[in-house]
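S.K.: Protein sequences appear in the order of chains F and Z.
For the first sequence, counting from 1, position 112 maps to 112 in the numbering used here; every step adds exactly one.
For the second sequence, counting from 1, position 60 maps to 60 in the numbering used here; every step adds exactly one.
Please note that a few of the clues may not be correct.
One copy or any two copies: either way a pair holds, since identical chains are not told apart in the list.
[Unchecked claim] 30 Å max Cα-Cα, derived BS3-like pairs, lysine-lysine:
no., residue 1, residue 2
1, 130, 272
2, 14, 339
3, 133, 167
4, 130, 337
Since the hints were made in silico from the structure, they are not lab data.
Protein chains: 2
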Amino acid sequence: MIIDCHGHYTTAPKALEDWRNKQIANLNTPELGPRAADLKISDDELRESIETNQLRLMKERGSDLTIFSPRASFMAHHIGDFNTSATWAAICNELCARVAQLFPDHFIGAAMLPQSPGVDPATCIPELEKCVKEYGMVGINLNPDPSGGHWTAPPLSDRSWYPVYEKMVEYEIPAMIHVSTSCNACFHTTGAHYLNADTTAFMQCLTSDLFKDFPTLKFLIPHGGGAVPYHWGRFRGLAQEMKKPLLSEHLLNNIFFDTCVYHQPGIDLLAKVMPVKNVLFASEMIGAVRGIDPETGNYYDDTRRYIEAANLTDADRANIFEHNARHVFPRLDAALKEKGL
Amino acid sequence: MIIDCHGHYTTAPKALEDWRNKQIANLNTPELGPRAADLKISDDELRESIETNQLRLMKERGSDLTIFSPRASFMAHHIGDFNTSATWAAICNELCARVAQLFPDHFIGAAMLPQSPGVDPATCIPELEKCVKEYGMVGINLNPDPSGGHWTAPPLSDRSWYPVYEKMVEYEIPAMIHVSTSCNACFHTTGAHYLNADTTAFMQCLTSDLFKDFPTLKFLIPHGGGAVPYHWGRFRGLAQEMKKPLLSEHLLNNIFFDTCVYHQPGIDLLAKVMPVKNVLFASEMIGAVRGIDPETGNYYDDTRRYIEAANLTDADRANIFEHNARHVFPRLDAALKEKGL
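Given these sequences and hints, build the entire structure.
M.R.: Here you go:
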């Protein structure tokens, strides 16, 4: 079984974007709408948007199940205030929940949170609880920079994040640490901001003792961990200077990396440097890089090919494709077991 | 011959730090000093600080010549105003020039610029000219984020940087794109901010047509290019979506990467993914990571060992160790030729 732990609903019907544009246009006059109920997307529209896109490619490429969350770049937590984000997150999460209901064998949901710059992260808990309890979602996406590239929130080790972590531990759900659109002209969203955030989040964990406070908390760092595996010697050396434990003890029981690295040498490095138990298959398909690599003739984001070609045993490959995801997402594992899988 | 293109004067006598602390203490009362002339460091003190540190390690590790610039994390362009940075840069550059004079076979200077947040980069030109003409320096360090982690400056493609680029082209000096201390709690300086800046700068160049305007401009991206080589497929794919030329044409005549990657798999990836002509030997010794890697028994930043062990021909290795630096730093090449080297 092949589980893709990083998929976003990047292909939602256009009505969703139109609704959001109206919400943004009325930021200062929210009484003019739109209301959540104004968004009408039929099951047939959802089905078509998935069948012609993600599900088609999953079948072509041979992955079975995608952990599916709202489009990351559309979260745009920097827009408006908490109420703006609360309405928007509720709508986006509901759509992902409906996709998971329509295609229960192929999609299972993960939630975006209604974060907003300067607002206490604890305000996100009701949406988180709804997504877990009512929608059966198995993870969340946590944005370490709700400001969208201005980095005005405290580091992930700050106690203001702890109420979210407490809920994560209680429900046994991991967080993918994933920023959204950059509104800082310095940072290209998918070429700089995403990768920088991955590296930044890892380093925030390294310098702190967060996982002493939450020994079972799990973070999934996407995009192959940003710069982390490539600079693993630097991180090991910095931890050593700070008198931290070896990273295998200090971080690698809690931090995991996905395989959204879009060329063979990158995946080879990841597979070589990181313990296999810390690597989860993912493609972020359909996402930032949609083209075909002229050097291989294959899609850049067809990451299954890189894993197949990497120097791994069959057992390691099965861990990356399936078992590690079931370990990091215990609710996913439970849902699969309920189906006899 | 082995040229290390990335060394900072991290071991300057303590008097320098004391002077800086006084300058910072009197930011609002600069009339209370200190004046530049108040800093007294003898040649003997300079000699000792170098002979017992960088030069000792260069001899132990077998590198011959270091391109030597003021300590990156001490540039701290976010402190004070332009005058603060101007005095500080002048002092730091003069010390590096004196080191190069004292050890002409082993050190040659590169300049820090007196950048300041919100101040026109053109104000840096007099210091740049002095460093090239009077001190014989062969490169500069350009900080893409003088705010120290708040990223308030425009991208490197912005026309406000052009006066600096015009001088660089005129004098045939490259810029190492190097940030300084982060004063943003989100970003650890050497574990996140440095690497993020490398990735960010590369992407700023990728999305722009900067090198159409300056076909001979050369940027050296340190720390192995941040996340860039590890995610080379992502960058190629993003450029493709933007209808940019192949990166080999679009960027690789102008952008170069150093080898400050502190483990063998990282260097192996760099050497495999990047054309050899774009890779310059460097260690950033004595710098962020000073310890001994328990996995190898060698210093993390003894990068020569990784290059020696990488799958490279002797000719390629010589290019990385010497010839590429002479190409990217034409004034260095001229200085060596004058000595018959």
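S.K.: Does each hint fit the structure? Answer for all of them.
M.R.: We went through each hint and held it up to the structure:
{"no.": "1", "hint": "130 to 272", "verdict": "neither (39 Å within a copy, 48 Å between copies)"}
{"no.": "2", "hint": "14 to 339", "verdict": "neither (34 Å within a copy, 68 Å between copies)"}
{"no.": "3", "hint": "133 to 167", "verdict": "within (12 Å within a copy, 62 Å between copies)"}
{"no.": "4", "hint": "130 to 337", "verdict": "within (22 Å within a copy, 71 Å between copies)"}
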